[in-house]
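> One-letter residues, chain by chain:
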Amino acid sequence: MFLTVFIYLSIIAFVGLSLYKAYQFSKMPMHGRWELYPVPKEPDGKGHYGGSYYEDLEWWNKPRRVSYVGELVDMAKEMLFIKNLFVNQRRQWWICYAMHLGIYLLVLWAVMLLVGAITILSGGAVAADAGSWGALVYYVTFLSGAAGAILLAVGSIGMYLKRSFSETLNKYTTPLEYFNLFFLFVVALSGIIVWAGDIGFNYGREIMVALLTFSPIQADLALTVHILLLGAVMIYIPQTKMSHYVGKYFAFHKVLWENEPNLRNSKMERIVKEALSYKPKASWSAPHINPGAAAKKD
Amino acid sequence: MKPQDFGKPSEQLFKLDKLMPLPAPYDKPGMEPDFKELRDSWKEGYCSTLDGFVGNDTLVRPKTKEEEDEMVKKFLSGLEKLFSDETNRVYLQPLALSFEYCAKCNTCSEACHVFKASGGVEAYRPIFRSEVLRSIYRKHKQGGSLISRFIGGDIDINYETVMRLGELAYRCNLCRRCAQTCPLGLDNGLLTREIRKIFSMEMGIAPKPLHESGTVKQLETGSSTGITKEAFMDLIEFMEEDIEERTGKKYKVPVDKKGADILLVHNAGEYMAWPENPAAFTIIFEEAGLDWTLSSDMIGYDNVNYGLFYDDAQGRKIGAAQLKAAKELGVRRIVQAECGHAHKASLVSMDRIMVGEDNIPRESFLPLLADLIKKNVFKLDPTRNNFPVTLHDPCNMARMMGIIKPQREILKAIAPQFREMTPHGVNNYCCGGGSGFAIMNSFNFTDFRNKVSSRMKFKQILEAFQDSIEDVETPKYVVAPCSNCKGAIRDILAYYQATAKFNVHYGGLVELVVNAMVDLDKPFLEFLLDDEDMMF
Numbered sequence: 052m053f054l055t056v057f058i059y060l061s062i063i064a065f066v067g068l069s070l071y072k073a074y075q076f077s078k079m080p081m082h083g084r085w086e087l088y089p090v091p092k093e094p095d096g097k098g099h100y101g102g103s104y105y106e107d108l109e110w111w112n113k114p115r116r117v118s119y120v121g122e123l124v125d126m127a128k129e130m131l132f133i134k135n136l137f138v139n140q141r142r143q144w145w146i147c148y149a150m151h152l153g154i155y156l157l158v159l160w161a162v163m164l165l166v167g168a169i170t171i172l173s174g175g176a177v178a179a180d181a182g183s184w185g186a187l188v189y190y191v192t193f194l195s196g197a198a199g200a201i202l203l204a205v206g207s208i209g210m211y212l213k214r215s216f217s218e219t220l221n222k223y224t225t226p227l228e229y230f231n232l233f234f235l236f237v238v239a240l241s242g243i244i245v246w247a248g249d250i251g252f253n254y255g256r257e258i259m260v261a262l263l264t265f266s267p268i269q270a271d272l273a274l275t276v277h278i279l280l281l282g283a284v285m286i287y288i289p290q291t292k293m294s295h296y297v298g299k300y301f302a303f304h305k306v307l308w309e310n311e312p313n314l315r316n317s318k319m320e321r322i323v324k325e326a327l328s329y330k331p332k333a334s335w336s337a338p339h340i341n342p343g344a345a346a347k348k349d
Numbered sequence: 002m003k004p005q006d007f008g009k010p011s012e013q014l015f016k017l018d019k020l021m022p023l024p025a026p027y028d029k030p031g032m033e034p035d036f037k038e039l040r041d042s043w044k045e046g047y048c049s050t051l052d053g054f055v056g057n058d059t060l061v062r063p064k065t066k067e068e069e070d071e072m073v074k075k076f077l078s079g080l081e082k083l084f085s086d087e088t089n090r091v092y093l094q095p096l097a098l099s100f101e102y103c104a105k106c107n108t109c110s111e112a113c114h115v116f117k118a119s120g121g122v123e124a125y126r127p128i129f130r131s132e133v134l135r136s137i138y139r140k141h142k143q144g145g146s147l148i149s150r151f152i153g154g155d156i157d158i159n160y161e162t163v164m165r166l167g168e169l170a171y172r173c174n175l176c177r178r179c180a181q182t183c184p185l186g187l188d189n190g191l192l193t194r195e196i197r198k199i200f201s202m203e204m205g206i207a208p209k210p211l212h213e214s215g216t217v218k219q220l221e222t223g224s225s226t227g228i229t230k231e232a233f234m235d236l237i238e239f240m241e242e243d244i245e246e247r248t249g250k251k252y253k254v255p256v257d258k259k260g261a262d263i264l265l266v267h268n269a270g271e272y273m274a275w276p277e278n279p280a281a282f283t284i285i286f287e288e289a290g291l292d293w294t295l296s297s298d299m300i301g302y303d304n305v306n307y308g309l310f311y312d313d314a315q316g317r318k319i320g321a322a323q324l325k326a327a328k329e330l331g332v333r334r335i336v337q338a339e340c341g342h343a344h345k346a347s348l349v350s351m352d353r354i355m356v357g358e359d360n361i362p363r364e365s366f367l368p369l370l371a372d373l374i375k376k377n378v379f380k381l382d383p384t385r386n387n388f389p390v391t392l393h394d395p396c397n398m399a400r401m402m403g404i405i406k407p408q409r410e411i412l413k414a415i416a417p418q419f420r421e422m423t424p425h426g427v428n429n430y431c432c433g434g435g436s437g438f439a440i441m442n443s444f445n446f447t448d449f450r451n452k453v454s455s456r457m458k459f460k461q462i463l464e465a466f467q468d469s470i471e472d473v474e475t476p477k478y479v480v481a482p483c484s485n486c487k488g489a490i491r492d493i494l495a496y497y498q499a500t501a502k503f504n505v506h507y508g509g510l511v512e513l514v515v516n517a518m519v520d521l522d523k524p525f526l527e528f529l530l531d532d533e534d535m536m537f
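In the order they appear, the protein sequences are chains A and B. Mapping the first sequence onto our numbering, position 63 (from 1) lands on 114, and the numbers just tick up by one. Mapping the second sequence onto our numbering, position 233 (from 1) lands on 234, and the numbers just tick up by one.
Just so you know, these hints were derived from the structure itself, not from any lab. We put the CB at the ideal spot given by N, CA and C, even for glycine. You may find that some hints are simply not true.
Covered stretches of chain A (chain B as the covering partner; in silico rule of three or more C-beta atoms under 8 Å from a C-beta of chain B) [what the hints assert, rightly or not]:
#1 108–114
#2 127–135
#3 225–237
#4 292–298
Let the sequences and hints guide you as you build the complete structure.
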């Protein structure tokens, strides 16, 4: 039962710690405006060339309009394809995207394992020759798992090596950052070793069945090591800067694209009012900010 | 060089020797002045140990061990305050994001004009400065432990580290082009500004042109130019006479007109350095029949707010006072004239400090002018501007505010030979004078500005005029609708003798509009006047 409980704990830790991280950013005080154009939510094509409502005469008298579609499309491009890196640094994008695509495919793989387990628990079968549904689940699981594991392994060790051998990048890479990439590689490698003994990922569906029925997992040494490493990395990621899936939302959505004006009687005005009512208990020390303290010291 | 080398003792960490080449005609030897020699007195008194430039004239070298320790102690105390939600409420969230999540992919370097212009100097990479800050913070938090080194806290924290960082924070124009390319949406420009903030808000160290002769003077006298109310009224009178001489038209400039529709605010430096700019605004506003006024009240006539560049407290005090002056005058709206950072300070940064009736609406002059031209309010003859014209997009108006189209609509109506720089609009390069550099003239800092930070802009200007640059008979005009940018472009054109040798001129957008007005007998732009005109 240890492995079953450990997997549950690692999933809860991953989700819980990620949400806690998001909560920590969201409860920070209202920040000063620090947007940067293009802001994709600007409507009427302005999001494309970098325009804003400040291009309109008496902008505050115009109805405030936001293109949520424009924002979602840009967010999706960034999240799914790392667009900024593709546009600005194509050579690095290939290896970086391989790693990220590997992770996305492994998420799909996990979902497919769950679907497979539910199919089995419902009395169905999942195999190459188990009818259309069973075969579909089998092949999607196989393809996403195989491609995901290989891409993650290649991407993570590739980035590790790129950072090691690039004269520029290795100046800025800390031992911790090398460790993070190597950790991901080891997890992917241990998964590939387990997969080599069971190409169809039947062991994965058995684990999912055990999780759904809260029963013990049958695991040999290689699988036990892989489960422990995978769980460990899931607990570890949200506590490191690998949790940039959280940070990226805030960096783009809540800072660079938050060009919400403080219009009279708006929600933003209420937020500003509340922020202005706060009286800080500490201050900076330079003489022009705290002349009293400076005089006292003199 | 690595970030870890930053605190190591040396007379000078690095020298600039392979600057980015310039296009023709500046691709030949002897077309560019050399760097000035560094004086011994500068080395002894200030921080020349970074790159040999001294920009921060209040960053004085400590004389005793106690002073050295005190400098480090104060810096670390300020560093702590950056991460406190009591002392840095305004920027804590964006700071924490940029501080924590950088993947060091280095995409930002290629976007940085200072890094590119320097020929790729390591310390000018946007991530270098940020990584030094991270390393100091981690070492400070973890001490010299193994964990500290493992997570990247492996830098010597000493007064030399602190001093060099105080200079390095002024090797970035805060143009934020780096942030535009960051796949994680992080902002090395912000981190640079936060370093400046530690020095200013905790240690009381900031370049004199920004602080002592800038915001402090502005809060005391109303303007960093020191123009008093009486002097301001004299300048307006002089401007009225000058307009009459130039155009034959007599205008009465409205000052302190209570309840006017528009309060127009200029960068006060314009009245002294480029009076033709407020004069052109006067002609445009009067010809359009707008209900407008200038303010002669303390802090009401100068839209400058250098706090934007280095100090939150100063920025807030000035911004609040400017809005108060407008409210007391009872105007319906404030229109910002040709000053980029005033645009951002007033319309964007100060958008979180006032509510209700105190929150006077503010807008840029650009949509107003574009609207007037679109409505054919003026009789314009674009052939009067029939010479090559290019446009510089001030970072604060374009990248940080999204004002891109109006200036192009105006230029298309008045300049038949208008051509874009590459890149332009929201992807423009900074003029090199951003974040206060245009007014920082201490020691040998102007060399850094003219040869490094403005180099990319000069390259863009030359490239935009490649078809006619060596045709000295053809005047070429760079439109810079921002006082700060205009100052930086004035300096590079003078430094490289581009006006004298190749007939390249610069100026605001409104001057070009007035120059196209058919009602005027003579050109408004001085470089178009012939000798006979100049006599009158």
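> All the hints need checking, so say for each whether the structure fits it.
Checked hints:
A count of 4 residues in the stretch 108–114 of chain A with a Cβ less than 8 Å from any Cβ of chain B is obtained; the coverage claim is therefore met, three being the minimum. Here's how the stretch 127–135 of chain A fares: 4 of its residues keep a CB closer than 8 Å to some CB of chain B, so the rule of at least three is met and the hint holds. With 5 residues having a beta carbon nearer than 8 Å to a beta carbon of chain B, the stretch 225–237 of chain A meets the requirement of three or more and the stated coverage holds. Interface restraint, the stretch 292–298 of chain A with chain B: holds (3 residues with C-beta to C-beta distance below 8 Å; minimum three).
Violated hints for the displayed structure: none, as all numbered hints are satisfied.
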